[in-house]
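Enquirer: Take the given structure of chain A and dock chain B with the ligands to it, following the hints.
Sequence lines, in order, name chains A and B. Quick note on the numbering used here: the first sequence kicks off at 341 and runs consecutively. Quick note on the numbering used here: the second sequence kicks off at 68 and runs consecutively.
A portion of the hints provided could be inaccurate.
Unchecked claim - Restricting the straight-line Cα-Cα distance to at most 30 Å, the calculated cross-link-like pairs of lysine-lysine (DSSO-like) are:
| hint | chain 1 | residue 1 | chain 2 | residue 2 |
| --- | --- | --- | --- | --- |
| 1 | A | Lys452 | B | Lys281 |
| 2 | B | Lys281 | A | Lys401 |
| 3 | A | Lys470 | B | Lys281 |
| 4 | A | Lys419 | B | Lys74 |
| 5 | A | Lys515 | B | Lys281 |
| 6 | B | Lys281 | B | Lys189 |
| 7 | B | Lys189 | A | Lys478 |
| 8 | B | Lys287 | A | Lys470 |
| 9 | B | Lys189 | A | Lys427 |
| 10 | B | Lys287 | A | Lys466 |
| 11 | B | Lys95 | B | Lys330 |
| 12 | B | Lys287 | A | Lys452 |
| 13 | A | Lys415 | B | Lys281 |
| 14 | A | Lys427 | B | Lys330 |
| 15 | A | Lys586 | A | Lys666 |
| 16 | B | Lys95 | A | Lys401 |
| 17 | A | Lys624 | A | Lys419 |
| 18 | B | Lys74 | B | Lys119 |
| 19 | A | Lys515 | A | Lys470 |
| 20 | B | Lys287 | A | Lys427 |
| 21 | A | Lys515 | B | Lys287 |
| 22 | B | Lys189 | A | Lys406 |
| 23 | A | Lys419 | B | Lys281 |
| 24 | A | Lys401 | A | Lys419 |
No lab work stands behind these hints: they were computed from the structure. If you're wondering where the values come from, they're calculated on a predicted model, not measured in any experiment.
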Amino acid sequence: MDKLLELENLHVSFQTYGGEVKAVRGVSFTLEKGESLAIVGESGSGKSVTSKAVMRLLPNKIGSIKEGSIRFEGKDLAKATEREMEKIRGSEISMIFQDPMTSLNPTMTIGKQIMEGLRKHQNMNKSEAKERSINLLKLVGIPNPELRVDEYPHQFSGGMRQRVVIAIALACNPKVLIADEPTTALDVTIQAQILDLMRDLQDKTGTAIILITHDLGVVANLAQRVAVMYGGMIVETGTADEIFYKPKHPYTWGLLASMPKINSDSKELLAIPGTPPDLMNPPKGCPFAARCPHAMEVCIDHMPDATDVSSTHKAACWLLDERAPKVEPPEAAVVGGAR
Amino acid sequence: MLRYIAKRVFSMFLTLLIIATITFFLMKLLPGSPFNNQEKLTESQRFALNEKYGLNDPVPVQYINYLGKLAQGDLGYTFQYDGRTVNSMISNGIGPSATIGAEAILFGTLIGLILGIAAALKHNSVIDYGAMVVAVFGIAIPSFVFAGLLQYYVGVKLGWLPVAFWNGPEYHILPAFSLSVGVIATVARFMRTEMLEILGTDYILMARSKGISKNAVILKHCVRNSMIPIITILGPLSIGLITGTLVIENIFAIPGLGEQFVKSINLNDYPVIMGTTLFYSFLLITIILVVDILYGIIDPRIRVAGGKS
Ligand SMILES: Nc1ncnc2c1ncn2[C@@H]1O[C@H](COP(=O)(O)OP(=O)(O)OP(=O)(O)O)[C@@H](O)[C@H]1O
Ligand code: SF4
Ligand SMILES: [Mg+2]
Numbered sequence: 341m342d343k344l345l346e347l348e349n350l351h352v353s354f355q356t357y358g359g360e361v362k363a364v365r366g367v368s369f370t371l372e373k374g375e376s377l378a379i380v381g382e383s384g385s386g387k388s389v390t391s392k393a394v395m396r397l398l399p400n401k402i403g404s405i406k407e408g409s410i411r412f413e414g415k416d417l418a419k420a421t422e423r424e425m426e427k428i429r430g431s432e433i434s435m436i437f438q439d440p441m442t443s444l445n446p447t448m449t450i451g452k453q454i455m456e457g458l459r460k461h462q463n464m465n466k467s468e469a470k471e472r473s474i475n476l477l478k479l480v481g482i483p484n485p486e487l488r489v490d491e492y493p494h495q496f497s498g499g500m501r502q503r504v505v506i507a508i509a510l511a512c513n514p515k516v517l518i519a520d521e522p523t524t525a526l527d528v529t530i531q532a533q534i535l536d537l538m539r540d541l542q543d544k545t546g547t548a549i550i551l552i553t554h555d556l557g558v559v560a561n562l563a564q565r566v567a568v569m570y571g572g573m574i575v576e577t578g579t580a581d582e583i584f585y586k587p588k589h590p591y592t593w594g595l596l597a598s599m600p601k602i603n604s605d606s607k608e609l610l611a612i613p614g615t616p617p618d619l620m621n622p623p624k625g626c627p628f629a630a631r632c633p634h635a636m637e638v639c640i641d642h643m644p645d646a647t648d649v650s651s652t653h654k655a656a657c658w659l660l661d662e663r664a665p666k667v668e669p670p671e672a673a674v675v676g677g678a679r
Numbered sequence: 068m069l070r071y072i073a074k075r076v077f078s079m080f081l082t083l084l085i086i087a088t089i090t091f092f093l094m095k096l097l098p099g100s101p102f103n104n105q106e107k108l109t110e111s112q113r114f115a116l117n118e119k120y121g122l123n124d125p126v127p128v129q130y131i132n133y134l135g136k137l138a139q140g141d142l143g144y145t146f147q148y149d150g151r152t153v154n155s156m157i158s159n160g161i162g163p164s165a166t167i168g169a170e171a172i173l174f175g176t177l178i179g180l181i182l183g184i185a186a187a188l189k190h191n192s193v194i195d196y197g198a199m200v201v202a203v204f205g206i207a208i209p210s211f212v213f214a215g216l217l218q219y220y221v222g223v224k225l226g227w228l229p230v231a232f233w234n235g236p237e238y239h240i241l242p243a244f245s246l247s248v249g250v251i252a253t254v255a256r257f258m259r260t261e262m263l264e265i266l267g268t269d270y271i272l273m274a275r276s277k278g279i280s281k282n283a284v285i286l287k288h289c290v291r292n293s294m295i296p297i298i299t300i301l302g303p304l305s306i307g308l309i310t311g312t313l314v315i316e317n318i319f320a321i322p323g324l325g326e327q328f329v330k331s332i333n334l335n336d337y338p339v340i341m342g343t344t345l346f347y348s349f350l351l352i353t354i355i356l357v358v359d360i361l362y363g364i365i366d367p368r369i370r371v372a373g374g375k376s
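If we strip away everything but chain B, and leave its shape as in the complex, we get:
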């Protein structure tokens, strides 16, 4: 298991290096410079700024410098504000982003599990069909559509919850819920399928033939085993959430990482774009790794196989 983790961590850093390289050269290919938009700048001022941020150096030199700093965890300076580091921008933005992300995945998984279990236990009933209709809509309709609908009806028309901004717990509800709809749908569908399959297995019949009550069998044998594969979809789901936050933060004007990222793209702020991309990649790869390890710990079949390899 330790060797397996070491191998995975090594390949994780390799992946990050490749991503860093690709992002760097893609940035260089893009037209425009960060200071193009500031029309008031004179040619010499622009040159001075480029000099200051090292943009006049040959590309390979810039690349080496960039990697050197990166190795120390230094993502450089933003072009938008004088003297601010990308690291500080990321750590400022991550708070709200991580909060709604975590809220969405926790809430979404919980509700998804409940819906999926209910649908499976009441297979082919109104509850089952209802849950699956919810699931299909949840998967088909993008989160920003829900966001817009919720803003309009719950925020504007009913006035129950704030339409935008980030000033307290009640500001979390609409964005986190909009984000979680996809999670609810995916988890519900997955859980229902797993449950139905396991309910039909011999070991459920065996458990019942021991005299264990139906509810105990469902809880201890069926729900538990059905949840194991759910862990594998939490990885891709979290990835979806991260891209989801990019849009949702803009819609709800939440000062998170996503909003900053989009703004930086509009301003050609290379260091922030690269820094955020790398940060997102790091996050994704870590999530996938953690999910894999978690799966190995929870599923005894994999646990042993991993131990031997």
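Same shape as in the complex, but just chain A:
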């Protein structure tokens, strides 16, 4: 196995007026070369914070890594200096953000925005960088790249802008691409196109992708492995098949049940009742206990350890303890059955 990125016991906190928000509380995962890993979870579960921590782009002063390590090719990014990070950002690890309408500078031509990274990391001169920018635009499927390279973001549609953003992110052939909800802000048809593009580019470039989303449909399309996040922790990880067909954690069941099913007669979506935990005073035990239909006494006071289900599949739930009662996932969470 070629471990590219390895997070271990990562803790991230924000100092706010109300107190310390413990947004990420002990996240561990690995990403291998060329692999695609999806991180799924509800809003506020800490997905974006985790990815910003990897890039070391947490808001200065208030956000900080409290504990843990982020090993990238053996080097701990959690302890890297700003100088070292500047060399890694954009060239080894890059990032795409959720809203393509706001992630491009409105007063700079897209060509200049692509060239910035190239000139910094690959020492290209202006004309080489421009040449490469045009090629990149072609690669992400933008027609007339020679003309469009000199245009401004507002002259592009949302989907086209996201293609530009992808071109920027891939400009220097990074080893890791973190895509934070890359399609959430787009129309459904455009979403599919962007996902196709990403898969296509991954085949071509071999870039490892961390795909952040709360849409399991997106995951099924793109990811080989899935990490399910809740309340600042990863509650279950496994291959896409394991998560979709043999989920073990009640929160994953809830997510699967709330996924719209294409062939199902019932139009109703089963949203998980309740609200996520307060990260200022996180629960001592299982973060999902307050909303879990199977919660037991032990869940409230004791954090469940991650239990191996298979060599690739882990879940942190007391139901996996041998003393626990046997509980079957609800009908709605069975992906194969409902389809």
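Expert: Same frame as chain A, now just chain B with the ligands:
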């Protein structure tokens, strides 16, 4: 864009015509004649003078005559000095006025930008609070108060700089600085708000995720974009400066347009009052037009919209 400019220039002349008309009739409504104050004049002398300057004609005739000359750029003769044109008075006075005006806006914008940027980058620090206290005082306290304070402390007590008059570069410093305080304050506040907003945008995060150093991101993406809206406030700021010069020139006894204007009002010198008012209006409208066009050129979003309309 050209059609847009043509339209704007046309409406500019219409505005000037309206201003000319209003000023003309307001003048006529004012009590007193230019020669009232000269008590030594006999009735017949006064009549002769009125005749000479066309003040005995019916008002509509005076109005038509006035507009006719105006169309040729002729603002008429002053009543104060025999045979001097208003045009020559304006061109004499404009030098010092334009100089301190330009100095104030350049200096004020520069210092304002620096303060605003520093405040935003050191958000919620001593620098931030300090800059904002300066800004609040700068906006709240009128420039003539600063002028008086500076004259007294820097001019009289310390004796570092001349208290008044207009005889060389060192005479510019106090009046230009007094005028610029408002500009500093406004620009600083505006720049700080813009910077803070842009620092929080996704595209700044995106730029940093490319590996560009923080300082380069701040300079190339943040400062640059924050300065674009500053251009829009330069219009109103210049207008404020023009009214500011009226007072400041009097305080520092600078032989500029403002000082002349105030003097002409005291002497009921209609042609100079009207001429100067028109000149000021022309200046203001031109500044606003130039600022709008500049904004269109600098901001690509507007550039395209303007091109299509
Ligand atoms: N700058 C910040 N200051 C204080 N708290 C923050 C800040 N950024 C994030 N948080 C907190 O961290 C937690 C996790 O946020 P995060 O953005 O990672 O969620 P997410 O999983 O990405 O959700 P979403 O799907 O909405 O993007 C949230 O509870 C949020 O309130
Ligand atoms: S540990 Fe308990 S509360 Fe948490 S998910 Fe499992 S059963 Fe539910
Ligand atoms: Mg997020």
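Enquirer: With reference to the structure, classify each hint as holding or not holding.
Expert: The hints, checked one at a time:
no. : hint                 : in the structure
1   : A:Lys452 to B:Lys281 : holds, 17 Å
2   : B:Lys281 to A:Lys401 : holds, 15 Å
3   : A:Lys470 to B:Lys281 : holds, 23 Å
4   : A:Lys419 to B:Lys74  : violated, 61 Å
5   : A:Lys515 to B:Lys281 : holds, 23 Å
6   : B:Lys281 to B:Lys189 : holds, 14 Å
7   : B:Lys189 to A:Lys478 : violated, 41 Å
8   : B:Lys287 to A:Lys470 : holds, 18 Å
9   : B:Lys189 to A:Lys427 : holds, 25 Å
10  : B:Lys287 to A:Lys466 : holds, 17 Å
11  : B:Lys95 to B:Lys330  : holds, 18 Å
12  : B:Lys287 to A:Lys452 : holds, 11 Å
13  : A:Lys415 to B:Lys281 : holds, 22 Å
14  : A:Lys427 to B:Lys330 : violated, 67 Å
15  : A:Lys586 to A:Lys666 : holds, 14 Å
16  : B:Lys95 to A:Lys401  : violated, 66 Å
17  : A:Lys624 to A:Lys419 : holds, 28 Å
18  : B:Lys74 to B:Lys119  : violated, 40 Å
19  : A:Lys515 to A:Lys470 : holds, 22 Å
20  : B:Lys287 to A:Lys427 : holds, 19 Å
21  : A:Lys515 to B:Lys287 : holds, 27 Å
22  : B:Lys189 to A:Lys406 : holds, 24 Å
23  : A:Lys419 to B:Lys281 : holds, 18 Å
24  : A:Lys401 to A:Lys419 : holds, 16 Å
In summary, the structure is inconsistent with hints 4, 7, 14, 16 and 18 from the numbered list given earlier, while agreeing with the others.
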